[in-house]
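Chemist: Sequences listed follow chains E and W, in order.
Just so it is clear: in the first sequence, position 423 is 405 by the working numbering, and no numbers are missing.
Just so it is clear: in the second sequence, position 4 is 26 by the working numbering, and no numbers are missing.
Quick caveat, the hints were computed from the structure, so don't treat them as lab data.
A virtual CB, placed ideally from N, CA and C, is assigned to each residue, including glycine.
Worth double-checking, as some hints may not be accurate.
Claimed, not checked - Quick list of in silico lysine-lysine cross-link-like pairs, DSS-like style, CA-CA up to 25 Å: (1) E:Lys297 with E:Lys284; (2) E:Lys49 with W:Lys89; (3) W:Lys40 with W:Lys77; (4) E:Lys49 with W:Lys77; (5) W:Lys77 with W:Lys89; (6) W:Lys89 with W:Lys131.
As the list claims (entries may be wrong) - If you anchor each label on the Cβ, the simulated ranges turn out as follows: (7) E:Thr436 with W:Gln58: 51 to 57 Å; (8) E:Glu770 with W:Arg95: 40 to 46 Å; (9) W:Thr114 with E:Glu31: 28 to 34 Å.
To be verified - A few chain E residues that don't get close to chain W, going by computed Cβ distances all over 10 Å: (10) Gln20; (11) Ala188; (12) Gly227; (13) Glu632; (14) Ala702.
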Amino acid sequence: MEWRRWIHAIPARLRALVRSRRVEQDLHDELAFHVAMQTRANEQRGMSETEARRRARLALGGVEQVKERSRDVRPLRWARDFAQDACYGLRGLWKTPRFTIAAVLTVVLGVGANATIFSVLNPLLFKPLPYPEPDRILNVFRTSPQSDRWPHSNANYFDHRDRNTVFEHLVALTWQDASMAEPDQPAERLFSIRATGNYFTLFGDAPLIGRTFSDADDQPGAEPVVVMSYGFWQRRFAGDPRIVGRSLRLDGRNATVIGVMPQDFEYPLFWGTVDIWRPFAMTTEQRQNRGNNYLREFGRLKPGVSADQADAAMKTIARQLLAEHPELDQRDSVRIEGLSIVNPTMRRISAFAFGLTFLVLLIACVNLASLQLARTAARAREFAIRGAIGGAKRRLMRQSLTESLVLSLVGGALAIPLAYWCTRFIASRQFSDLPDVRITIDPASLAFAFGCATLTGFIFGAVPAWMASRADINDVLKQNPQSMTSGHAPQRFRQALIVAEVAFALIILAGAASFLRGLQRISDIDPGWRTDGVLVARLNLVGPHYAQPPARRAFFEALHDRVAELSGMVSVALASSSVPTIPFGTSTTFAVEGRADTVVAFNERVTPKYFETLRIPLRRGRYFTIDDRFGRTPVAIVNETMARTLWPTEDPIGKRIGFQGPNPNWREVVGIVGDVTFPSFGTSANVDTNLEMYQPLAQTGSNVVNIIVRTARAPDAIAADLRRVVAGLDPDLPVFGLITARAAEEKTTAGFRLLGNVLGGFATLGLVLAALGIFAVVSYATAQRAGEIGMRMALGARQSEVLWLVLRQGVMLTLIGAGVGLAGGFGLERLLAVSMPQLPSPEIILLVGVAAVMAAVALAAYYVPARRASKINPMMVLRHE
Amino acid sequence: MSKPPDLVQGTLDLLLLKILALQPLHGWAISQRLTQVSGDELQVSDGSLYPALHKLELAGWITAEWKTSELGRRAKFYSLTRAGRRYLGQETEHWRRLTSAISRVLELKEV
């Protein structure tokens, strides 16, 4: 029977919700009726009409108060209040367009900047990797005095896998490009990962179609199989559903397609773009190779095992292996590191950028607080009157907060298109080392933007609301309305706002300036070679007919001669690494004749014209010549640093360097060349060594070869020529990665330069916002002091004196703000130095310069209203008072 | 005059329901009736009356209707719903049990 009661209640409830105006009217009529009846009753008792009415109202305890209490019992009171406050707030904002535009614009810029940075950095910093329980997957690195991110050898991997008790699965993988030759089509280079059979078990993703490979496919002599990425399947085979079972010609052998992975498995931030995955299928002999370190290891922790336990357990195994194999470098060890898509430097830099951007939001908050403060003063009387007629203080505060929230949410909504546009722009410029970064505005970014907006609304709404609610109603009503915000505490608050503006803006400026200056100084470093007119392209010698060194040497010779015959070639070289915009590909541990210890040096294999092509200067001895062939005396060229390090007092020419172990194959040093320096940030950031050694390609060989040419011709024409030459030699070989040296150089620093520019943009934004904020506060303050200033001028104060009266405070506050900001700036410098050790040490002069700019801008923002104040016509003001 | 004790929580509802059980009335008349019946012992401020009435209306115990009053002015008349009548019965019973229990305790003789 309970439902009947609800049925009776429905009309009343519905009316309360939907027809609130009608309900209000009813309430009013009902109470009016009550007062009328009571008045009549009182009159009958002999009171005068006025007295009777007064008594009647008194008995009720105030009509408005009863109405309020009656409203309290209605359902969803808070929602209706919010809607009402919001409507009221919007109406108020509409009526003060200048305030509204200034405030909304501030929110748009502050929130827009933060949403943009969040969208860009979110995939790098916060998004979990798309694997089951990604935090249980760890990198296992080999460490040495040179680096803590070395790869492993085959034999060590198998020992790690078999001996450890901490990992459920331990996977090894490496990048190994594949060349695919389909009939009647030019050979194509594929991005390929070679992995152990348990790869898909560890990363745990089911294939979209077909199956993934397993340990059975990883056995020596197993049929070659291949798993495709979604992107490759779509791009190259148009998503052909019958792809499974097809045979592909890879590296001159046939391999069967067994499956296609789903789209998100190909997580570009982590792997880069992958076309295919293949099992190693190593032979027993390959499995025993302990000398060639090229494998990356990933482990999935067993349940209940912590990362620290795993680290300790792996270190123990590493020590055992060193003891069992004295030929290993006894300084090696292993360490584990959590899985992350960006290297720690990039991660710290991103966090740094995020922090700076957040300061922009803080400046926006300070601005809004000062704007709101001025507005609160203008509305003091309104608030006081509402308080006097029964508006609860809590309710008035809420009104003020609701208004700020409405304002900041409107701003936040408008910031989204701005952030979208900025994000698109940044995404189009891309980070060099992270291909296909999916930078988009996603729900997380939207949530973040609205979070920022809400936070802003609360911060800048709460303070003025609190001040307004504290004001003494009588004071405000009796005296002039400005009294509530010109007291001691509000003045302090205003000054604090100005100091905060200056300090925050200065910190952002200092951070951005240090970062940009650091980048500039890095790119000012002489790389030791010249990029102009240099072009590079790449070839992979794969397949059975390049298995033997003589075949490779013959190919290199033919390739070199044919390329040199092309028109417009100034100089032609082949090399094992690309142009040195990134560190050379291989570093090796060498023994030095007559020395007990070993050294790690880059091991670059080049043809004779290499140094001429890159304009690397010869310091002593000679370059390689055509006579440094296979079978002749093995020779080497070292860089100045290596010569200085190994033979500080002797002549390096004629000294010998060789491999560790019983077969050193001594090489004689014939020349010393200038140092080549690599940009020490960007992709891998870790430069293993600064010792550089070169060997003739003809005496060594390489699977990968880079054609480096210096030419005056256009890159496009050269590209076509190079393809023709290579196709003429072997149609199965794809030419790829053709790029000018200048573009390659720009690519390595593009991400950081982009970040630097974005930070610079935000710093400028912060500066402008701060200047506007100071201007607003000072304008308001001087307007308030108009009476006082008018009086002073009437009493004979000169314009310059009035100007100084206002400016004096400005100078003081700016100095305090600059002091605080400089301290923050220094702190930031330290932080930046820790996060990015590659950056040159900070320059004090830069900080001082930035502080000077900030102070000038702040004082200019002070000067304009101060000057206006000094132009006050005293008569006008005094008459107004 | 000392301030009369506050009504026990919920008893105002009971009183209002009881008064309305006898006949539909408007707010002022309810207030008059309350004073008249209880004398000065139970003082209900007019200010508390209306929120209480509206709460009962929203709960569905009473319902309201605008009708012309005895003096020709439109007034809001409240009347008991059937659910309200039953609720009043329950609450009256509940109140009786409560008061008799309290009385019994208070009548205990000190030894």
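Chemist: Which numbered hints turn out to be false for this structure?
Modeler: Failing hints, ascending: 6, 8, 9 and 10.
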